[in-house]
Amino acid sequence: MIAIDIGGTYTRYKIGGEVFVLKTKEINLLKFLENLIKKYSPKKIAISFAGQVKDNVIYSSPNTKFEKIDLKILEEKYYVKIILENDLNCAALAESRHFKAKNLVALYSGTGLGAGIIDNSKIVKGRGFAGEIGHIPYKPTPFKCKCGKNNCLELIASGSGIEKMAEIYGCKGLECPKVKEEYIKGLMHAVGICFSLFDPEILVLGGGVIVNNTWILNEIKNKKNQYIPNFNTGKIEITNLKDASLTGAELLLKERG
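Going by the working numbering, the sequence shown opens with residue 29, and the numbers climb by one from there.
What the hints contain is simulated information worked out from the structure, not anything from laboratory work.
Some hints could be false.
[To be verified] Have a look at the derived ranges for each label pair, beta carbon to beta carbon:
no.: 1; residue 1: E103; residue 2: G154; range: 21 to 27 Å
no.: 2; residue 1: E283; residue 2: S69; range: 32 to 38 Å
no.: 3; residue 1: W243; residue 2: D83; range: 20 to 26 Å
no.: 4; residue 1: D227; residue 2: Y107; range: 27 to 33 Å
[Claimed, not checked] No farther apart than 25 Å at their CA atoms in a straight line, the calculated lysine to any residue pairs in the SDA-like style are these:
no.: 5; residue 1: K263; residue 2: N148
no.: 6; residue 1: K282; residue 2: L102
no.: 7; residue 1: K51; residue 2: K67
no.: 8; residue 1: K59; residue 2: V47
no.: 9; residue 1: K263; residue 2: N250
no.: 10; residue 1: K130; residue 2: A158
no.: 11; residue 1: K96; residue 2: N148
no.: 12; residue 1: K96; residue 2: R40
Because the structure is a prediction, the values reported are computed rather than measured.
All C-beta atoms in this analysis are idealised placements derived from N, C-alpha and C, irrespective of residue type, glycine included.
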C-alpha cells in the first residue's frame, strides 16, 4: 500500500514507513504514479490531492500545473485500487482522529487556503467539492486567481496571497504591517465563516503559513469575538501533526478497504 500527498508545493509519499519528498512542479503525475505502481506493485494507493477531485478524477487544481486527469485509467491498466481525496478532507480526517472530535474543521493556510469538514465523524463532501473556502468572494484585488476570479479569499489569506501583497507594497511578507493586517483580516473572515456554518467542536489551523508563524493563533484568539458568534463555543487549536494530509491518506487505506 502507498499513501501519497500531492500539495501545491511538495509531493510526499510513504512506503513501508519511509517518507519521500519531491517538488510538485517537477513531476508528471501520471508517469509518477505509473512508475510507483511498476516498482512496488501495490494493491491499493491512497492519494491526497490539492485540488477539486471526484470519483477518482482530478477536475482542477488552481495551485498546481495539473489539469483534468482520470486516474481510472491506471486502475484498469494495472488492477490497482486508487482512493483519491481532496487534501484538506484528508487533513481533517487525520485531525479528527488526533483530537478525538466527531465535529471538526481543518482550516489550512499554505500555498492556498482550504477547509476540510468532519461532521459526525464523516467527511462533508457535498456533490464532491465542499470546503473550498479559499474561493469564497471576499474583496476585489489587483490579482487574478487561477480559478478565474479576482476576489477570492485565497488571494489574501494564503502564502501565495502574502507573496502577491508583498510585491505590491514592496516589503517582505508578514514582516510588513500592511500585509500582516490584510492577511489576519482575511483569515479571521474564514474562521468566522467556518464557525457560523459548521459549528465545530474544534477548528484546527494548519498549513505552512500557520505552522511557520505560530503567533497567528494568538492573533485569532484575541480577535475571535469580532468574528465568531458567542453561541459558537468550539475551541481553536493549531495542528500537532507533521503531515496531516499524508496521515489522512494512510487512514483512507485502512478505512476504505
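Going through the hints against the structure:
1. E103 / G154: 21 to 27 Å: Hint holds: Cβ distance 24 Å, inside 21 to 27 Å.
2. E283 / S69: 32 to 38 Å: Check failed, 23 Å falls outside 32 to 38 Å.
3. W243 / D83: 20 to 26 Å: Cβ of W243 to Cβ of D83: about 41 Å, so the range 20 to 26 Å is violated.
4. D227 / Y107: 27 to 33 Å: 43 Å Cβ-Cβ, so the 27 to 33 Å window is violated.
5. K263 / N148: At roughly 17 Å apart (the allowed maximum being 25 Å), N148 and K263 satisfy the hint.
6. K282 / L102: Distance of about 21 Å is within 25 Å: holds.
7. K51 / K67: Since the Cα atoms of K51 and K67 sit roughly 20 Å apart, the hinted pair holds (cutoff 25 Å).
8. K59 / V47: This hinted pair holds, its Cα atoms lying about 19 Å apart.
9. K263 / N250: holds, 13 Å
10. K130 / A158: holds, 18 Å
11. K96 / N148: Since the Cα atoms of K96 and N148 sit roughly 31 Å apart, the hinted pair is violated (cutoff 25 Å).
12. K96 / R40: It holds: about 21 Å lies between the C-alpha atoms, which stays within 25 Å.
Hints 2, 3, 4 and 11 from the earlier list are contradicted by this structure; the remaining hints agree with it.
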